[in-house]
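Start from the sequences, fold in the hints, and give me the full structure.
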Amino acid sequence: MAMLDIQGVTKKFSTTMAVDDFSLTVADGELVCLLGPSGSGKSTLLRMIGGFETPSGGLITIDGDDVTRVPPERRPTGMVFQSHALWTHMNVFNNLAFGLKLRHLPKAEIRQKVEAVLELVGLSGYGSRATTQLSGGQQQRVALARSLVLEPKILLLDEPFASLDQHLRERLREEVRDIQQRLKITTLFVTHGQDEALALADRIVVMRDGHTEQADRPDVVYREPASPFVAGFIGSMNLVDGTIANNVFTHTGFTVPLTAADGQATLAVRPEALHIVPASGVGMAKIHRVTDYGTHAIVDIDLPDGVRLKAMVGEARAWTAGQAINLKPRAFAAYRDNVAIFRSLDNHG
Amino acid sequence: MTALPANDIVGTKSSRRPTGLLLVAAPVLLVCWLIIWPIISAIIRTVWLPDTAGERRFSLETYQFFFSDQYSINNLMVTLWTTAVTALILLLICLPIALYLRFATNRIAAYVQGLAIFPMFVPSIILSYAFIRVLGPNGTVDLLLNAVHLPHIRSPYLTPWGPVLGLVWDNIPLTVLILLSGLGNVSNQSIEAARDVGAGRIAVLWHIILPRISNSLLVAVSFTVLGIFSAFTLPYVLGPAAPEMMGPFMQRTFRDLNDPTTAITQAVIAFGFCIVFGLFYVYSVAKNRAP
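If you're matching them up, the sequences are chains A and B in order.
Mapped onto the working numbering, the consecutive letters of the first sequence carry residue numbers 1 to 349.
Mapped onto the working numbering, the consecutive letters of the second sequence carry residue numbers 350 to 640.
Just so you know, the hints here were simulated from the structure itself, not pulled from any lab data.
Note that the coordinates shown come from a computational prediction; the quantities given were computed from them, not determined experimentally.
Virtual Cβ for every residue (Gly too), placed ideally from N, Cα, C.
A hint or two may mislead.
As the list claims (entries may be wrong) - Partner residues aside, some chain A positions facing chain B, computed with beta carbon under 10 Å:
hint : residue
1    : Arg47
2    : Gly51
3    : Thr54
4    : Thr77
5    : His84
6    : Gly99
7    : Pro152
What the hints assert, rightly or not - Label-pair distances were calculated between CB atoms; the ranges are:
hint : chain 1 : residue 1 : chain 2 : residue 2 : range
8    : B       : Gly549    : A       : Thr295    : 52 to 60 Å
9    : A       : His211    : B       : Asn534    : 53 to 61 Å
10   : A       : Gln7      : B       : Ala635    : 51 to 59 Å
11   : A       : Leu105    : B       : Ala375    : 57 to 65 Å
12   : B       : Ala453    : A       : Thr16     : 17 to 25 Å
13   : B       : Asn534    : A       : Ser14     : 25 to 33 Å
14   : B       : Gly549    : A       : Ser128    : 44 to 52 Å
15   : B       : Arg366    : A       : Glu109    : 32 to 40 Å
16   : B       : Ala453    : A       : Leu105    : 28 to 36 Å
17   : B       : Arg366    : A       : Asp165    : 44 to 52 Å
18   : B       : Ala375    : A       : Glu119    : 55 to 63 Å
19   : B       : Gly549    : A       : Ala199    : 31 to 39 Å
20   : A       : Leu183    : B       : Tyr632    : 43 to 51 Å
21   : B       : Gly463    : A       : Pro76     : 39 to 47 Å
Put into structure tokens, the structure is as follows:
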């Protein structure tokens, strides 16, 4: 379909730098998730690609054409908004046909295209329905169909499932992925849900304060987070500040051997990679609480100074609150000055 | 402490209904007493007339007189013309102002809103004299034109355009506020979605914004029409002596000609035109409130 290239894009709102010297190339047919907390600049970036905000600087090209200052109505992009943004005074058919009518397509062709896209999103026969008669999921499907019917080069999705319940969200994201792969449409998806990003994306761009913190495949971002911020943002992560001396990380009795220069560091261990063993004496830590989730259990662990960690175990019954334990991280990383200084060899949990 | 069932706190559906009706009973009774009854009474007084013997009988002769009297028809026509022209000019002026206020994000918008609402605080009589001093014969505009050796303007004062200008100025605040409230229901995202599928500014206005504020347009026009039809001060001070608008016409028939029955007939006819727009308004409100 199309390649999107963003080079050194910035956006400043009075004194706030929303997007700061951001660069990204999205390959033809790739689905990239922009992931980050509120205020990280991901929606602003998407709106600049869609033409709803004008960059303060930088260049945005689609298939080599500079679209940096092209208004949204003349861009080859299609956007799906968080609030669906359907026009309630039009029925489903007219919502989808509106853009085609503006392009003065013959009536028969409009009808054929609308029916095809309704079938694509699983809403065949819904054309005459009022948009207010549809459920939240159906409304979001119509919003997606409205963008797809114009066959945009780039599909932009701005937290499209944020207002839906968890079950529906999971179902719709699978459908979106299927449709995207079937149409091979270059897609940018903004979300602050890590699950959504991990499930959907070919590539995840983790954003923070308007810049890229890490851009890589989902498995790499999950297993080899580039910074403590990414480590903490993607999935559940134990972050412990301590000191490295003589190749041993220490935090009040919790020690982990590694290879790194002496100094302050932050140790990052995922709950599923934090192995716990019963201690014969005082141990490194004590169990605070065990929560059984059926398929697994989460053990809350208190270090002697009150720092709390989480470990994932298979069986809840083997562990009790107050029990003394030792900690043996199987996969971990250490960070200093926001940069990874050590990763354990077994870094795949 | 025992938790009360929800029904005990908020009341059941059946017990809530009389409470709600009781709450609106006082204003409804007042409306019946001060508005509905006078309307019925006025209609009765204009169709149940005394004959020469003093006996009251059903007759439409006051209406026959009104619709056969050219002067009365001219007055009704000038009122309808003033109403239509004023309503049209108001929409042409107020819609762009309301659109600007809805979508502008700069500080100037606050000043524009202040200016648009300002006429609401100026009494009609002051506005009328200000209008005469500025646009009347030998008014400020004439003096300025004279200073640069240009001819006098054709003053709208004492022509049908005099009340039109005054009424437009007077009705700008209410019309802007009504349209602005309607535009508040048009989300930015629905407009952005339209632009995203290729709609330019005109297409967005025509296909998205106007249909979404059609109720507000209807309400604004209804309010304007009702206000203009019953206007007195501005048409009386700024308008021509003949033909005259229905407000001054009724007052003159009642007081100067001492003919209350004919004045009431004129009022009933004016009410007949207003009720159409009143029903539009009620329909619009009911439609918006429908679940």
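Self-check item: Hint check against the structure, violated hint numbers in rising order
Solution: Going through the list in order, the structure violates hints 3, 9, 14, 15 and 17 and respects the others.
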